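With these hints in hand, go ahead and build the complete structure from the sequences.
So the protein lines, in turn, are chains A and B.
Each residue of the first sequence is one higher than the last, beginning at 1 in the UniProt record's numbering.
Each residue of the second sequence is one higher than the last, beginning at 1 in the UniProt record's numbering.
Hints are supplied without guarantee of correctness; some may be wrong.
What the hints assert, rightly or not - Derived pair list, reagent style SDA-like, types lysine to any residue, alpha-carbon separation capped at 20 Å:
hint	chain 1	residue 1	chain 2	residue 2
1	B	K146	A	Q20
2	A	K56	A	E71
3	B	K287	A	E71
Treat the hints as calculated values from the structure; they're not laboratory data.
Quick caveat: nothing in here was measured; it's all calculated off a predicted structure.
Listed below, chain by chain, are the residues.
Number of protein chains: 2
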Amino acid sequence: MKPINIALIGLGTVGCGVYQTLHIHRQRLEKLVGAPINISTIIIENPDKHQKISAKTNITTDVNTVLNNPEIDVVFEAIVGKEPAFSLLRRCIQAKKHVITSNKEMFAIHGQELKRLATQYNVQIGYDATTAGGIPIIQTIQQLLKANQIQYVQAILNGTTNFILSAMREKNITFSTALDEAQNWGYAEADPENDIEGFDAYYKLMILSDLIFEKQPDLKYVKRIGIRDITEDSLQGLQTEGKRVKHIAKIGYDATGNLTASVEPEAVSKEHPLYAVEGVNNAIHIKGDIVGDLTFTGPGAGSFPTASAMIEDFCILFKKEQAAIAGAPV
Amino acid sequence: MKPINIALIGLGTVGCGVYQTLHIHRQRLEKLVGAPINISTIIIENPDKHQKISAKTNITTDVNTVLNNPEIDVVFEAIVGKEPAFSLLRRCIQAKKHVITSNKEMFAIHGQELKRLATQYNVQIGYDATTAGGIPIIQTIQQLLKANQIQYVQAILNGTTNFILSAMREKNITFSTALDEAQNWGYAEADPENDIEGFDAYYKLMILSDLIFEKQPDLKYVKRIGIRDITEDSLQGLQTEGKRVKHIAKIGYDATGNLTASVEPEAVSKEHPLYAVEGVNNAIHIKGDIVGDLTFTGPGAGSFPTASAMIEDFCILFKKEQAAIAGAPV
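Below, the structure is given as structure tokens:
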């Protein structure tokens, strides 16, 4: 039987998680997708750095190896930043390969174009890993809540800021001590700007916006405030009033019909659906017009949770492929 | 274009929710399933009681009207109790109709047989509404977490007992006062036995068990304890230790390899994923072997949340039908 041939771009935290998960759970996954799985090619900047890869896998810096290989069915992209990710994925789609990405910044900005391109070239894009890590929020909205119109979203989409705010309140420590702690635990980057200023949450919110509302808000309706200026004293004061500060990303239509978005710290009381979300967890609260309020909580980052989202996308994609071939219900 | 013809069994809280939702959102739903939707027939015990039904819908007590009508594609079953629901659905499946049920007691006991029968007759069964109301937990496990092996579940599957325990603790009232309050709000039945003794949660747990572990535990590995003997004093005492009592349904393999289940009150501290679930909400916490811990929270009962689950099942089902016909990816 023809194997499914995979290319993997990037072998950092997420890429390694994907590589290891595909190996550890190979048998289960092959049963699910109904074909042997082969990691054909890995594209990385420095091939010499990675010695623990199977000898059967081609390790290269040259993306043409993937583009010119008609046997490669799907590309997992697990790098960061807009470029070269966008250009690479665009070329992969044009070469008629399915793509699965975990790259939030790239997808927030270029997702609409990649989706259009995928439709044009009749391939699929999986992007559940871009938003809220292991929580299957993209597929839930895409597949399981189609009858519901989602009226708004409010979410904790960045585990780093949630960890810092939880630590500051619980241990009565300063922002910078809490940030140090997050960095020591590996929850924050050496340059934490992207997280603590709310850019990371903003990217994920824009991906949700495009999925739910089929557009992104005009920049004048977007507010983004980081958590750097929050003091441990203010958190303690709010705590005595029964409140916690959460860094909340919101999107929905305002009363005048404008799609508005914000990422900002908010003091919430215990009735709030995000009040109890602590530490590095993410949570998404949505209101569907039939079902009402639903909240999804889980790991927002990390090697295996993010790999899980990519591999679930992979299983859904190849289950669809086969149903399309067989003409069978999925 | 040929419409999708629906039969509805039962016009209580859930049946009315389904009927109204199909009417209110007809346009959106027809666009989703790609065909006109027609509520062809409603089966109820007392047809004279319901005057607000469209004149185009046939209201009858006779299920043969549905079984002998080859135009009916799908049957929504929204009654309670094992019989006549099981016998009716069995006959519907044998008449080659898809079925969508919200009947937890019936499905906990006869779900395995109905699933086998559906495979045999090449029809689909939707049962997301049986478990945790509007939370799409069945479809999430069935479709979105296939790559993950779920290691265990712990859940609040009954909104009535959760409401009572929340009210007793928050207001320092007795069990019987809290039960009265739940009944006044319409959250508890006149005969609340099924909820407060844990049978309702047990049924839902057995449905999850069959879905996740492909079997149900031997009765000797099942423990079921209700909440009737819990006192407000004990809840206050635990609260001073930072703990809350939740009526938790659990299932998973024990150390000796036996599938064990329990529904019982448990004192949990604030780190527990179900600690913050209050009032009539339900929540399901699962551990996937790749993704880790995920928690899904939302309305566990009620007319529209339950109707939402049934109608989402309906949309998934007819999207599959059409993909199978067209041979197209879904």
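Quiz item: Are the Cα atoms of A/K56 and A/E71 separated by 20 Å or less?
Solution: holds (15 Å)
Practice problem: Verify the proposed pairing of B/K146 with A/Q20, using a straight-line Cα cut of 20 Å. | Solution: The given pair, whose Cα atoms are some 17 Å apart, holds under the 20 Å limit.
Exercise. For the pair supplied as a hint, B/K287 and A/E71, confirm whether the alpha-carbon distance does not exceed 20 Å.
Key: violated (35 Å)
When held up to the earlier numbered hints, the structure conflicts with hint 3 and nothing else.
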